[in-house]
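Chains D and Y, in that order, are what the protein sequence lines are.
For what it's worth, this note's numbering labels the leading residue of the first sequence as 1, then goes sequentially.
For what it's worth, this note's numbering labels the leading residue of the second sequence as 1, then goes sequentially.
By construction, these hints were calculated from the structure, which means they are not laboratory data.
Among the hints, a few may not be true.
[To be verified] Partial list, derived from the structure: chain Y residues whose beta carbon lies under 7 Å from chain D:
| no. | residue |
| --- | --- |
| 1 | T2 |
| 2 | I7 |
| 3 | A162 |
| 4 | Q163 |
| 5 | I294 |
| 6 | Q301 |
| 7 | T302 |
| 8 | E304 |
| 9 | F307 |
| 10 | A390 |
| 11 | S391 |
| 12 | P392 |
[Stated by the list, open to error] Label pairs and their calculated CB-CB ranges:
| no. | chain 1 | residue 1 | chain 2 | residue 2 | range |
| --- | --- | --- | --- | --- | --- |
| 13 | D | N11 | Y | A271 | 33 to 39 Å |
| 14 | Y | A390 | D | V23 | 18 to 24 Å |
| 15 | Y | L370 | D | E22 | 18 to 24 Å |
| 16 | D | G195 | Y | K3 | 27 to 33 Å |
[As the list claims (entries may be wrong)] Under the rule of at most 20 Å between Cα atoms (straight-line distance), these lysine to aspartate or glutamate pairs were calculated in the EDC-like manner:
| no. | chain 1 | residue 1 | chain 2 | residue 2 |
| --- | --- | --- | --- | --- |
| 17 | Y | K3 | D | D137 |
| 18 | Y | K3 | D | D124 |
| 19 | Y | K3 | D | E81 |
| 20 | Y | K78 | Y | D216 |
| 21 | Y | K3 | D | D177 |
| 22 | Y | K70 | Y | E200 |
| 23 | Y | K78 | Y | E215 |
| 24 | Y | K150 | Y | E125 |
| 25 | Y | K166 | Y | E200 |
| 26 | Y | K221 | Y | D85 |
| 27 | Y | K166 | Y | D152 |
| 28 | Y | K78 | Y | E224 |
Note that the Cβ used here is the ideal one computed from N, Cα and C, for glycine as well.
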Amino acid sequence: MSDQVILETRNLCKVFRAGKSEVRAVDDLSVSIAAGSFTALTGPSGCGKTTLLSLLGALDRPSSGQVFFLGRELSRYSDVELARLRRRMGFVFQNFSLIAGLPVWDNITYPLIPRGVGRRERRDIAAQMLARFGLDDKADRSPSELSGGEQQRVALARALAGQPDIILADEPISNLDPVNSAAVMSCLQQIHAEGKTVVLSVHEPAIAPPGSRVISMAGGRIQREEIR
Amino acid sequence: MTKFIEIAGTGVTAILLHPWRSAVTAGAVTVVLLPYLVCLGLSHGLRLEAESSIQLGADLYVSGIQFGHKVPIPLVAKSQIERIDGVTEVVPRIVGAIAIGRNRESAVVVGMPVDRFATGASFLEGRLPGQNSVNELVLGSELAHRLNLKLDSRIPPFYQNAQGEKVSSVVGIFRPDAPVWQANLILTTLTTAAAIFNQEGLVNDFLVYCRPGYEDHVRAKVLETVSYRAQGSSGGPRPMVIQRTDLTAVLPTGLLGQQGVFELHFVLVFAVGILVVLVTSGLGLSERRREIGILKATGWQTDEILFRSLVEGCLLSLAAAALAIVLGLVWLRVFNGFWIAGVFLYGAGVSPAFRVPFVLAPAPALLTVLIALVVVMTGSIYSTWRAATASPAEAMR
Numbered sequence: 001m002s003d004q005v006i007l008e009t010r011n012l013c014k015v016f017r018a019g020k021s022e023v024r025a026v027d028d029l030s031v032s033i034a035a036g037s038f039t040a041l042t043g044p045s046g047c048g049k050t051t052l053l054s055l056l057g058a059l060d061r062p063s064s065g066q067v068f069f070l071g072r073e074l075s076r077y078s079d080v081e082l083a084r085l086r087r088r089m090g091f092v093f094q095n096f097s098l099i100a101g102l103p104v105w106d107n108i109t110y111p112l113i114p115r116g117v118g119r120r121e122r123r124d125i126a127a128q129m130l131a132r133f134g135l136d137d138k139a140d141r142s143p144s145e146l147s148g149g150e151q152q153r154v155a156l157a158r159a160l161a162g163q164p165d166i167i168l169a170d171e172p173i174s175n176l177d178p179v180n181s182a183a184v185m186s187c188l189q190q191i192h193a194e195g196k197t198v199v200l201s202v203h204e205p206a207i208a209p210p211g212s213r214v215i216s217m218a219g220g221r222i223q224r225e226e227i228r
Numbered sequence: 001m002t003k004f005i006e007i008a009g010t011g012v013t014a015i016l017l018h019p020w021r022s023a024v025t026a027g028a029v030t031v032v033l034l035p036y037l038v039c040l041g042l043s044h045g046l047r048l049e050a051e052s053s054i055q056l057g058a059d060l061y062v063s064g065i066q067f068g069h070k071v072p073i074p075l076v077a078k079s080q081i082e083r084i085d086g087v088t089e090v091v092p093r094i095v096g097a098i099a100i101g102r103n104r105e106s107a108v109v110v111g112m113p114v115d116r117f118a119t120g121a122s123f124l125e126g127r128l129p130g131q132n133s134v135n136e137l138v139l140g141s142e143l144a145h146r147l148n149l150k151l152d153s154r155i156p157p158f159y160q161n162a163q164g165e166k167v168s169s170v171v172g173i174f175r176p177d178a179p180v181w182q183a184n185l186i187l188t189t190l191t192t193a194a195a196i197f198n199q200e201g202l203v204n205d206f207l208v209y210c211r212p213g214y215e216d217h218v219r220a221k222v223l224e225t226v227s228y229r230a231q232g233s234s235g236g237p238r239p240m241v242i243q244r245t246d247l248t249a250v251l252p253t254g255l256l257g258q259q260g261v262f263e264l265h266f267v268l269v270f271a272v273g274i275l276v277v278l279v280t281s282g283l284g285l286s287e288r289r290r291e292i293g294i295l296k297a298t299g300w301q302t303d304e305i306l307f308r309s310l311v312e313g314c315l316l317s318l319a320a321a322a323l324a325i326v327l328g329l330v331w332l333r334v335f336n337g338f339w340i341a342g343v344f345l346y347g348a349g350v351s352p353a354f355r356v357p358f359v360l361a362p363a364p365a366l367l368t369v370l371i372a373l374v375v376v377m378t379g380s381i382y383s384t385w386r387a388a389t390a391s392p393a394e395a396m397r
């Protein structure tokens, strides 16, 4: 882990409005993520973990406050710059968010298409990723033919295919059985061991690997932080 | 370049990813375009036949006008016209409308010297009426079909004049593949036509053939010298002369009148078509928004997503236009303009018993492609743009 801060938020707020009522999903939250660190956001459902990850990953715009990526504030990014920034981040979604109908190999390398990577090269990259995650024989399968654990590993492979600086994983194991959960967590630890920054959200702090930073959230705020 | 080719490839994939939505969109556009294309084909076909008829017709049409209306003129005026320098031939003609049969079917009686009609014999089953025959008729294919008359059929008296009632006989029937003008025609001799309308000694007009370059001279002379007035009378009709160029000039106006339905349909194509595509784009909209959200979240730019959608829309438009063109050809050629010909051709009925003229020229076909592109693009690009400009989290929610 280096001293360089890759992501930082200052007084971050995200308010969702539904009719006359409003929900402060993230409330005046300031946090910094060091490059190469492994950070686990924990807390009960509705505490703001997913919203915080979306804001950190430039998938959503804050209601107020600031998000910085390598010192540059995201609100200063144009739409094109934000798209290019997202290429430096790998996002793993709780519900996998794979494109149904596309074969697994295409799902993994779809983000590489706008980067001008040709079909043959994409197939090679997908093969490497599938081998790494133990899915060598699933390249031409449809996501619907895979188990939940396999789909999540495909989602991880997609997040890594573009060689991002940081992986943001939103409850990647909440839909998985213990065996698949362990497999996915093992993959994330392996990614971290290769020097990537990993930020994930989980229900249980105990799942966070030893040495990781655990941030407990409630009501959109940080309640406490600890190193496991 | 690789990037654009690859993104274009994803546009093709997108069609296959959502086969039902693609099929419904292409189908909806085809359904909207098809009648439009068929109408265009018919109007072009009719126009070409009309132009051809004008070119093969007389140089001048001399008739009479009185109180602003065309009126019959005396047959004896023929000799006055024949004397004009430059005239090679004058053919008297009777044209009149009648209703015939139990269901009062509309028909047009044309009476003229039969020898002038020799070229038309190639379109006939049977023969032309005899030179000096009476009550021998040649019927149009549509009329014969409606009246259920065959070659050598006898027609009970359908007119009455000073000579009483006469039975007529069908000596010829135009073949269904003959030009469209014959459909509701009753062709006969001048004598029989005069008897049908009980107007002995009168004709509707003279078809005047001139030596090349004499048309304007003959026209001027007819207007100057020909008189339909009886001796000692100060009133009576005045000569009216129509040249071939006059007929060609009025042609677009006449056909534009027939194209009223087409013009209306043209507007409907845009209004209904865009609505239809917007609705079909809405099919699986949440799935589409989610998919676009995933693309944005994984680093696709808005313009790249729009390009992908553009390729998808282009291909769907081309497919819809191609399908419309093929179905249009089938409708006109195989089904002979079933139903739609009746919209354009008065008296054609639901299933015409004559060859419906049509031309599917490149220009209307290209126009069809263009309309399909505009309709699909307007519908699909808008919904894609809405989803692509939302934040990825919102699109995926």
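Taking the hints in turn, this is what the structure says about them:
no.: 1; hint: T2; result: holds, 5 Å
no.: 2; hint: I7; result: holds, 6 Å
no.: 3; hint: A162; result: violated, 84 Å
no.: 4; hint: Q163; result: violated, 83 Å
no.: 5; hint: I294; result: holds, 5 Å
no.: 6; hint: Q301; result: holds, 4 Å
no.: 7; hint: T302; result: holds, 6 Å
no.: 8; hint: E304; result: holds, 5 Å
no.: 9; hint: F307; result: violated, 9 Å
no.: 10; hint: A390; result: violated, 10 Å
no.: 11; hint: S391; result: holds, 5 Å
no.: 12; hint: P392; result: holds, 4 Å
no.: 13; hint: N11(D) to A271(Y): 33 to 39 Å; result: violated, 51 Å
no.: 14; hint: A390(Y) to V23(D): 18 to 24 Å; result: holds, 19 Å
no.: 15; hint: L370(Y) to E22(D): 18 to 24 Å; result: violated, 49 Å
no.: 16; hint: G195(D) to K3(Y): 27 to 33 Å; result: holds, 29 Å
no.: 17; hint: K3(Y) to D137(D); result: violated, 28 Å
no.: 18; hint: K3(Y) to D124(D); result: holds, 17 Å
no.: 19; hint: K3(Y) to E81(D); result: holds, 18 Å
no.: 20; hint: K78(Y) to D216(Y); result: holds, 18 Å
no.: 21; hint: K3(Y) to D177(D); result: violated, 39 Å
no.: 22; hint: K70(Y) to E200(Y); result: holds, 18 Å
no.: 23; hint: K78(Y) to E215(Y); result: holds, 17 Å
no.: 24; hint: K150(Y) to E125(Y); result: holds, 10 Å
no.: 25; hint: K166(Y) to E200(Y); result: holds, 16 Å
no.: 26; hint: K221(Y) to D85(Y); result: holds, 9 Å
no.: 27; hint: K166(Y) to D152(Y); result: holds, 16 Å
no.: 28; hint: K78(Y) to E224(Y); result: holds, 15 Å
Hints 3, 4, 9, 10, 13, 15, 17 and 21 from the list above are not met by this structure, while the remaining hints are.
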